[in-house]
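Engineer: Chain by chain, the residues:
There are 2 protein chains.
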Amino acid sequence: MREVLAAAHDWHLRRIPFGLATVVASSAGSITGPGDLLAVDPTGDVRGGIPAGCVESAVLDAAAETLRTGRARLARYPVGDDGPWPARPGCAGIIEVLLRRVTADHLTARSLAALAGPDPVAVATVVGGPAPFAAELILGRDRTEGTLGAADLDGWAADQAAELPAGAAVRRYGHRPGVRVLFQVAPAAPQMLLFGATAVAAALARIGADLGYRVVVCDPRPAFATVARMPDAHEVHRAWPHRMLAATPVTPDTVLCLLGHDPRYEIPLLRAALTTPAGYLAVLGSRATHEARLAHLRADGVPEAQLARLRAPAGLDLGGRRPVETALAIAAEVVAWRHGGTGRPLSGLTGPIHAARSSDLPAAAAR
Amino acid sequence: MREVLAAAHDWHLRRIPFGLATVVASSAGSITGPGDLLAVDPTGDVRGGIPAGCVESAVLDAAAETLRTGRARLARYPVGDDGPWPARPGCAGIIEVLLRRVTADHLTARSLAALAGPDPVAVATVVGGPAPFAAELILGRDRTEGTLGAADLDGWAADQAAELPAGAAVRRYGHRPGVRVLFQVAPAAPQMLLFGATAVAAALARIGADLGYRVVVCDPRPAFATVARMPDAHEVHRAWPHRMLAATPVTPDTVLCLLGHDPRYEIPLLRAALTTPAGYLAVLGSRATHEARLAHLRADGVPEAQLARLRAPAGLDLGGRRPVETALAIAAEVVAWRHGGTGRPLSGLTGPIHAARSSDLPAAAAR
Chain H
1 MREVLAAAHD
11 WHLRRIPFGL
21 ATVVASSAGS
31 ITGPGDLLAV
41 DPTGDVRGGI
51 PAGCVESAVL
61 DAAAETLRTG
71 RARLARYPVG
81 DDGPWPARPG
91 CAGIIEVLLR
101 RVTADHLTAR
111 SLAALAGPDP
121 VAVATVVGGP
131 APFAAELILG
141 RDRTEGTLGA
151 ADLDGWAADQ
161 AAELPAGAAV
171 RRYGHRPGVR
181 VLFQVAPAAP
191 QMLLFGATAV
201 AAALARIGAD
211 LGYRVVVCDP
221 RPAFATVARM
231 PDAHEVHRAW
241 PHRMLAATPV
251 TPDTVLCLLG
261 HDPRYEIPLL
271 RAALTTPAGY
281 LAVLGSRATH
291 EARLAHLRAD
301 GVPEAQLARL
311 RAPAGLDLGG
321 RRPVETALAI
331 AAEVVAWRHG
341 GTGRPLSGLT
351 GPIHAARSSD
361 LPAAAAR
Chain Y
1 MREVLAAAHD
11 WHLRRIPFGL
21 ATVVASSAGS
31 ITGPGDLLAV
41 DPTGDVRGGI
51 PAGCVESAVL
61 DAAAETLRTG
71 RARLARYPVG
81 DDGPWPARPG
91 CAGIIEVLLR
101 RVTADHLTAR
111 SLAALAGPDP
121 VAVATVVGGP
131 APFAAELILG
141 RDRTEGTLGA
151 ADLDGWAADQ
161 AAELPAGAAV
171 RRYGHRPGVR
181 VLFQVAPAAP
191 QMLLFGATAV
201 AAALARIGAD
211 LGYRVVVCDP
221 RPAFATVARM
231 PDAHEVHRAW
241 PHRMLAATPV
251 TPDTVLCLLG
261 HDPRYEIPLL
271 RAALTTPAGY
281 LAVLGSRATH
291 EARLAHLRAD
301 GVPEAQLARL
311 RAPAGLDLGG
321 RRPVETALAI
331 AAEVVAWRHG
341 GTGRPLSGLT
351 GPIHAARSSD
361 LPAAAAR
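Quick note, the sequences are listed as chains H and Y, same order. Under UniProt numbering, read the first sequence as residues 1 to 367, first letter to last. Under UniProt numbering, read the second sequence as residues 1 to 367, first letter to last.
Bear in mind the hints are in silico, worked out from the structure with no lab data behind them. Given the structure is predicted, the values throughout are model-derived calculations rather than measurements. Quick reminder that beta carbons are idealized off the backbone N, C-alpha and C, glycines included. A couple of the hints might just be wrong.
[To be verified] Now the stretches of chain Y that chain H is said to cover, found in silico as 3 or more residues with beta-carbon under 8 angstroms: (1) 39 to 48; (2) 197 to 205; (3) 226 to 236; (4) 311 to 318; (5) 328 to 340.
Using the sequences and the hints, build the whole thing.
Structural biologist: Structure representation (structure tokens):
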């Protein structure tokens, strides 16, 4: 998704029009779902994809055709017994795709930019019923842009957007036949706060940014707290960690990791961190180091309930020890924390691979 | 490591000298060990790090000083009770660091480039005893470069390098006092073969390259098998996967993933893949899809022992469903496969976090 949005932004800046396919609905299992994007430029350069091999090429052809004709439409791809593609268990149903041409002055170019940005936003798009087809409404924190064609419909869309979880979903307004509206909802990017500008932090910043986090790295050492060392972080602070944390808003979505080994700030930082609502709070270091840390915090009067929140050592047991492997182990634990995963191999488990689509989208789903 | 090597290569190309600190030995727990690197350029730009917070700044100062003076030396940093840094459990011992100035025409610049490259190489460096201090010998597949100062020592080093596992270690030649030699051994980069140029493949290519894999993506669809879609892959092939696989050397280090959902090549590819020695062999898709796949392969006469090698669905159970999350789940399973990790949270386990340093280094440790 991020890759499509980045490409779209690049094409937008270069004023290159492109064809955009947006999945509106799918009854073909969890393979694809609302909000999945595929984009193609006039040279045939494709970004994103509809992760359903049997229809992806057909969607690409349709997106390229829409780029030529400019005619927005809703296409339906039957897969399985009813369609032209081989019937396969787990891949039978209908995929509905909205096809549009996006030009530099098109509202969709701005809605894609908004969905890619750090601020919360919702985009409502008419995909059927008695309203202008493909009409769009961008609902930002401070302003709205566009219209679905009628004030009551816009008001309803704003109410829906405020209530919908992150991700994409279709809602219907009115009765017989009603207007069908696709909602793409992107909340504010959650924060990943990394203390200690180490090699692990550099690797974790890269994966965290790919996961949709706004990554902030903080270290008091001037030589280490540099953008050159942390090229994928959104912010690099040269500051005392506990002071920087005191000036940073923390929410239950926040990921906070202590990756340094610097006793000069460790205890003050942890004491402050443990009073925040950060949802994932982890520290590196050996088990002996952690025992000493806990003893220190206990002596300072930190309650056991707070201490129990610390994940130590951070990460899943993957067994690697290089910085990139440690970062991967932490990122994997973060994803498992967000989605309730066990960390065990999927091949050794039974039951559904994913939770229901509408509820398991992470906070930064649309990024 | 990779980041230091990339920075060193960049400085080398721009003919910028830099100070290089290489950990030779450590008795301070698993926090740092032989082969860890820190580099600093004349502007104070630091790359890499000695992941031992208590000494990192001191090592940086020493590297910067060596850059000024040009005098190679071995520095010893006592940590814990005996040293100037605070005593902490799990962080007591001695860290030995080789400090050198590296200029564009310096042999070390070429040895760093060799360690960063895809081919197997070993670098031997004198760190003590009756031989020229910091003398280097690069032992490549087809050629050697440099000398440790004597033919018998060079011959011994070549024998050692052929036997040492990937990673870094110190060996002693001769008796009383003997020559101490640091060996940095990098095998050929293992391969990650990704079939299906999907969004999951793009995300996995990025993480796989960071993990030290040589990543190859293959898809028969011209619009999808493009470098633009797979910017982090080392090779992108537009070919029928089973044909491309037939022309590719596969070893027990090889990671092979089927990420597409294209029935046109899936069965021929899996039949071929199951006869290779690939160590990690995984497929995506629902459990129902996999049952149908197994039924097809069984009907084709593929033995159960081969079918049991397939990890399906690929990845650890992290619970996410976005392409980047699926890629992360697969990468985490790959690391756990290489190192014997369980995937369970480290904070819920007991015992050592890492296996012994010398044996747990992955095949691409030095990249």
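Engineer: Take the hints in turn and mark each one as holding or not.
Structural biologist: Consistency of the hints with the structure:
1. Check result for the region 39 to 48 of chain Y against chain H: holds, 6 residues qualifying (beta carbon to beta carbon below 8 angstroms, three or more required).
2. Coverage of the region 197 to 205 of chain Y by chain H holds in this model, with 5 residues showing a Cβ closer than 8 angstroms to a Cβ of that chain against a need of three.
3. Judged by the Cβ-Cβ criterion of 8 angstroms, the region 226 to 236 of chain Y is covered by chain H as claimed, because 3 of its residues qualify and three suffice.
4. Counting residues of the region 311 to 318 of chain Y whose beta carbon lies closer than 8 angstroms to any beta carbon of chain H gives 8, which meets the minimum of three for the stated coverage.
5. Residue count for the region 328 to 340 of chain Y with a Cβ under 8 angstroms from a Cβ of chain H: 10. That meets the three needed, and the coverage hint holds.
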